[in-house]
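Based on the provided sequences and hints, a complete structural model is requested.
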Amino acid sequence: MSYPAARPVTFSVNGVSHTLSLAPWVTLLDALRERLRLTGTKKGCDHGQCGACTVLCNDQRILSCMTLAVMKQGAAITTIEGIATGDTLHPLQQAFIDHDAFQCGYCTPGQICSAIGMLREGKARTRTEVKELMSGNLCRCGANKTIIDAIMEVKESYE
Amino acid sequence: MNNFDYLQPQSVSEAVDQAGTNDSNRFIAGGTNLLDLWKYDLLHPAALIDINQLPALNSITETAEGGLRLGALCTNAATAYHPLVEERYPLLSKAILAGASAQIRNMATNGGNLLQRTRCYYFYDPAVPCNKRNPGSGCPAIGGYNRMHAILGASDQCIAVFPSDMCVALAALNAVVLVTGQQGDRSIPFADFHRLPGDQPALDNTLLPGELITAIDLPPNRFATNYSYLKLRDRHSYAFALVSVATALDLDGDTIREARIALGGVAHKPWRNELAEQFLQGKAAIEANFAAAADILLQGAQGYQHNGFKIPLAKKAIIRNSLMALDPASQLPGAQPSA
Amino acid sequence: MQSTPTVGKPISRLEGILKVTGAARYAAEYEVPDLLHGYVVNSTITKGSITRIDTTQAMAVEGVVHIFTHENRPRLAWFDLQYADMDAPPGTVFKPLHDATIHYNGQPIALVIAQDVETARYAASLLTIEYEETSFDTCLNDNLHKARKPKKGLASVMKSPPPKPTGDVKKAFQQSAAQVAAEFRHSTEHHNPMELFATTTVYEGDGQLTIYDKTQSTINNQLYVANVFGLKYKYVRVLAPFVGGGFGSGLRPQYQLFLCVMAALQLKRSVRLVLDRKQMFSFGHRPQNVQRLHFSADDKGQLTGLSHTAFSATSQFEDYAETVSEWSHKLYPAPHTSFDYQLVSLDLHTPVDMRAPGGNSALHAIECTMDELAYKLGIDPLEFRLRNYADEDPSTGKPFTSKALRACYQLAAEQFGWHQRNPQPASMKRGNKLVGYGMATGIWDAFQFPARVEAMIDQEGKLVISNATTDIGTGTLTIMTQIAADEFGLPIEQVNVHYGDSKKPFSMFQGGSATTASTGSAIVIAAQALKKKLWKIAKGMDGSPLAKAGEADVAFDSGQIYLRHDPSVAISLAAIVAANKGRPIKTTNMGKPHLLKLRKYAKATHSAAFVEVEVDAELKTITVTRAVTAVAAGKIINPKTARSQIEGSMVWGISKALHEATILDEKLGKFMNPNLAEYHIPVHADIHELDVIFADEPDEIINELGVKGVGEIGLVAMPAAIANAVYHATGKRFYNLPIHFNELL
Ligand SMILES: Cc1cc2nc3c(=O)[nH]c(=O)nc-3n(C[C@H](O)[C@H](O)[C@H](O)COP(=O)(O)OP(=O)(O)OC[C@H]3O[C@@H](n4cnc5c(N)ncnc54)[C@H](O)[C@@H]3O)c2cc1C
Ligand code: FES
Ligand code: FES
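Chain order of the listed sequences is A, B and C.
Under this note's numbering, the first residue of the first sequence is numbered 464, with each subsequent residue one higher.
Under this note's numbering, the first residue of the second sequence is numbered 276, with each subsequent residue one higher.
Under this note's numbering, the first residue of the third sequence is numbered 415, with each subsequent residue one higher.
The hints are simulated quantities; they were obtained by calculation from the structure and are not laboratory data.
Among the hints, a few may not be true.
[Unchecked claim] 25 Å max Cα-Cα, derived SDA-like pairs, lysine to any residue:
| hint | chain 1 | residue 1 | chain 2 | residue 2 |
| --- | --- | --- | --- | --- |
| 1 | A | Lys586 | B | Lys314 |
| 2 | C | Lys692 | B | Met276 |
| 3 | C | Lys423 | C | Lys812 |
| 4 | C | Lys1081 | B | Asn277 |
| 5 | C | Lys714 | C | Phe587 |
| 6 | C | Lys1146 | B | His581 |
| 7 | C | Lys682 | C | Val531 |
| 8 | A | Lys618 | C | Ile431 |
| 9 | C | Lys692 | B | His581 |
| 10 | A | Lys618 | C | Pro424 |
| 11 | A | Lys586 | B | Thr500 |
| 12 | B | Lys314 | C | His480 |
| 13 | C | Lys843 | B | Lys314 |
| 14 | B | Lys314 | C | Ile1077 |
| 15 | C | Lys1146 | B | Ile586 |
| 16 | B | Lys314 | A | Gln536 |
| 17 | A | Lys586 | B | Thr336 |
| 18 | B | Lys314 | A | Ser620 |
| 19 | A | Lys586 | B | His357 |
| 20 | C | Lys692 | B | Pro284 |
| 21 | C | Lys1146 | B | Gly583 |
| 22 | C | Lys1146 | B | Ser613 |
| 23 | C | Lys1146 | B | Arg422 |
| 24 | C | Lys560 | C | Ser574 |
| 25 | C | Lys509 | B | Gly418 |
| 26 | C | Lys945 | C | Lys1014 |
| 27 | A | Lys586 | B | Ile586 |
| 28 | C | Lys509 | C | Asp499 |
| 29 | C | Lys790 | C | Ala595 |
| 30 | B | Lys314 | A | Arg500 |
| 31 | C | Lys1081 | B | Thr500 |
| 32 | C | Lys1054 | A | Ser620 |
| 33 | C | Lys682 | A | Arg500 |
| 34 | C | Lys1054 | A | Leu552 |
In structure tokens form, the structure reads like this:
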């Protein structure tokens, strides 16, 4: 039985262009974690059920476990490693620290990337709407309240 | 989890050629259902045909009759938030936004949404029998844990439900599915697109192997004022419906000129019954009439060990959602019951 | 020059930056050259044996290196005892790939090793396995007639069997003014930490292993690996600096550790093995249970009888037990009592402690029964608790080391607005919603385990603290740093804490809300010993200004030792180290519970939870709109991280009451919703106002720090408070959890 033929695929991650030789069955999540060693993007279920693997793809939040890396030819991916500017944290990152919006920290990269995507979408006005549009990111530690507090603080300062 | 070929057709006709009539060649759009099934070892595609490079499928345009044509590749999010959809088919927006999560809606496409498969526990476990997965092997859901299962239109072979929210609205809106294949183009009225399990539960719909959905047509309507989507589930978001209702009303003062009611989470396809809608025609938009229509819509409903509650729940949901349709502003994020 | 203390301050987590930037590395994330990847194959039958296992097709896949099954696994430790970890219940530990026998559905039966994870996963799907199935039992309810007393063993030390009956509880029940008999049922639950269980075993070449593992005890897993594989302890190092949640699931070594190490040793290669979410349902869970309660009270609202019998499921091979039945008597006095706890062996995996094991299920039953009894008596539920308030432990008559439960009731009731409650069920409305208020009491143990801590002043005069404990999201790193910093009056930047490493001094496991008391107390003891050592060296330094200073004459602050009566006379810690020929000055000390002293006392944390629910009047959907929890847990080292612990466990309470359950198909003998789409935990849209109050509870007796732990106390009262609020909203009582809204229809 032959090993799947790898094919070249080029996309940028956090502004850096990468050309990888990948078999089609490699998900974007595994390409990031196992090939590019960008382990900030987490695997919580590998089935689209938890949001831990959320990254921004061409500025839109998507689940990296539910797409193949070969399908991302030419895309611009942003992961949690690319959110801060040098040593300056993104306001959401700082707000997460200030509000203690995490415990184990495993859902955190996905929550932050998702919140950035959500703010950019601009569809949530109220706290209730923020909760609804952030519901694709589970947190088993139950940091839900502080996560939404942190996002609301940043959202309000944006507006 | 098997290996597969990966193809990138440059045109619709190339995609159709690549698919042939071999059921194990699969189009991949958003991937959110296909890859899920593949990773659970439930689907073993020989080739994935990536249709994401086909701009012809990725637009929302107005039709000559004043309706809209939704490209099969438009994402659920792009569709729900499209100004023309929000303006003319707000019911569809609400239904889409009640489904999955924001991330998934950014990936999931309109074509893929129609073809997502049931979330039945037993279908999802390759180690147990399932007539849908392995025809003739049996249906452990019938005597098993069937809280999520069908109360309408089920057969003694399969009681799975179709999990889509978007399709409940599409059913109510009399959408038409446009497909193309090696036999040429077809338009399939929404009511004929999904099917009941009968003695062939393996077939979810009437699409032929290799056929590609190109678009969904929405005919013009007068349902942009009074509409509502209600979804009842075990948590307030990011869960599949136990029961959902799409209601669209065309009112003349307090009188119903035309009504559409479709149910989700109760059958192998979005559930409609024109008799219920006809009953409402010309009647006053009051609770008692909606209750009577609900009874017609739920005629023949049958519960199993754990899902009998869906019958009274669906009735109450139809009534509440009709009242919410009279006051669409009462709709809440996540299609929750009004406050 | 007195520096400000950090204990009691809401300091942000010290590892926060690593967590928000993605730099924190969890067990599956270490970069190792030449790494092989594994994938586990699990049994698809519930009981029986494997008759054939054919790996030919899988082995033919390019990139597959090896496939381990029971037929070809290396020979391993002979004695069952060598597999017993520190948390093993009485019985025979499950040994992966031991033989052809299948004990439960999902049992690991093969391990595929390949060059990448996709190949391993694919090859794993190609194994041909034939079984001989035998009949099985997985239904607790159908097998209650088989219930029996648990076997005793080491674990019984922490989970002692229920006390002997007092008085005549049956008679009390019949003759009292009011009585309630109720039966409660709970589903199986799975911990489902967000991080998947994973092990990266680095094969170091010289026979040594460095293991990055998902665990709540680096030392437990080090001992386990060494014992099972016959390795010297010092050759096995287990690291777990970041753990993506545990909730008890990491208290025991899980099978991926065994399999990963086995493969690394046999293949002499580094190996990574990550379980998938479905496999996260194939080891350990909170057991299903049935509880029968009979409570009675006189017409003044004094409890007369407490009877509580619990039946819980365990596996066929180990007797996992919890403390369930006797909690009511630690809260409320009653002359007549009877408590019993029995196990039923089923063809499932052994349960493992899950957040507030035992107490969580018990308090739901107890506090719902109390609510029902209060209604029978026509007494306000809070007033009923206050009438039965115990200043001393009713079950032993011993005084508590501290108990501020009364303050919890008062503070939380006031903040919540309990007095606005109309006691009549289904009497409060808001638009389409029925509104209900409910309350409940919580109690949890105040455990402390032995722990060793190394305290050291390094060349730069920094304080370095080392202990093997993990930080599973509890804030342990931050708290340890605060405690140590205050001992020396140092800013936290001057303190480094090394943890999550079995090479560091002993720590048992991170569970039972015991870490702060255990490691924290040991830090205080080690810091004091280190100060003594520093004082002695300082005294002996050439021309030391402290030459004549006695130990009581000196104090430490801001990196210096100084004379209490004249702080200008001081020597810097760096200078002392320099005088020590530049060698760091260190000491290692043991902290342990003061058992002798504590024998005279009862110790517990307490809480009071008040909950508002909205129930849709027709559709019956339930929302917990707000909840207030007041907690009495001794000294709070860090109110920020402690608050998060309580809020997190309140979310767990909501989840247990309304959402989570593992669905067991008893005909198939397996769990049917092993995924996060159908195993429902709350999403953001389910969580609304949560308020936490810490009652002031000074405790001079319990340990050096006066701390008790906050990991579990926020959870125990919540499910009952929610169920009681649902009753108040609707007039319907529910005895089984979770409460699915449709049951209200
Ligand atoms: C955790 C989770 C929760 C979810 N919750 C909900 C929910 O609450 N409500 C809801 O409605 N949905 C829900 N979904 C399902 C989601 O909406 C679907 O997975 C999605 O719509 C599928 O679209 P896709 O583009 O990703 O399809 P794909 O996965 O790409 O494809 C699905 C199927 O359609 C075929 N296909 C795709 N496009 C075409 C085409 N143009 N022509 C012919 N065949 C095509 C593919 O070959 C495949 O067989 C959920 C999904 C997940 C993972
Ligand atoms: S890992 Fe992608 S959604 Fe869970
Ligand atoms: S912080 Fe642990 S899962 Fe969210």
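- Message: Given the hinted pair Lys509 (chain C) and Gly418 (chain B), is their Cα-Cα distance within 25 Å?
- Response: Violated: Lys509 (chain C) and Gly418 (chain B) sit about 34 Å apart, past 25 Å.
- Task: Compare the distance between the alpha carbons of Lys1146 (chain C) and His581 (chain B) with 25 Å, and conclude whether the hinted pair is satisfied.
- Result: 20 Å, holds
- Message: Would the hint linking Lys314 (chain B) and Arg500 (chain A) be met if the CA-CA limit is 25 Å?
- Response: Holds, at roughly 22 Å.
- Message: Just to be careful, I want the Cα atoms of Lys1054 (chain C) and Leu552 (chain A) compared with a cutoff of 25 Å; is the pair within it?
- Response: Answer holds: Lys1054 (chain C) to Leu552 (chain A) is near 21 Å, not above 25 Å.
- Task: Would you mind confirming whether the straight-line C-alpha gap from Lys682 (chain C) to Val531 (chain C) stays at or under 25 Å?
- Result: The hint holds at about 18 Å.
- Task: Would you mind confirming whether the straight-line C-alpha gap from Lys586 (chain A) to Thr336 (chain B) stays at or under 25 Å?
- Result: 23 Å, holds
- Query: If you draw a straight line from the CA of Lys714 (chain C) to the CA of Phe587 (chain C), is it 25 Å or shorter?
  - Reply: With a Cα-Cα distance of about 15 Å, the restraint between Lys714 (chain C) and Phe587 (chain C) holds, given a limit of 25 Å.
- Task: Decide if the proposed pair is consistent with the structure: Lys314 (chain B) and Gln536 (chain A), CA atoms, cutoff 25 Å inclusive.
- Result: 22 Å, holds
- Task: Given the hint that Lys618 (chain A) pairs with Pro424 (chain C), test it: the Cα-Cα distance must not exceed 25 Å.
- Result: Since the Cα atoms of Lys618 (chain A) and Pro424 (chain C) sit roughly 24 Å apart, the hinted pair holds (cutoff 25 Å).
- Message: Just to be careful, I want the Cα atoms of Lys1146 (chain C) and Arg422 (chain B) compared with a cutoff of 25 Å; is the pair within it?
- Response: 21 Å, holds
- Are Lys692 (chain C) and Met276 (chain B) close enough, with their CA atoms no more than 25 Å apart? 15 Å, holds
- Message: Need the status of pair Lys314 (chain B), His480 (chain C): alpha-carbon distance at most 25 Å?
- Response: Answer holds: Lys314 (chain B) to His480 (chain C) is near 22 Å, not above 25 Å.
Of the numbered hints stated above, those contradicted by the structure are hints 1, 3, 4, 13, 18, 20, 25, 26, 27 and 31, listed in ascending order.
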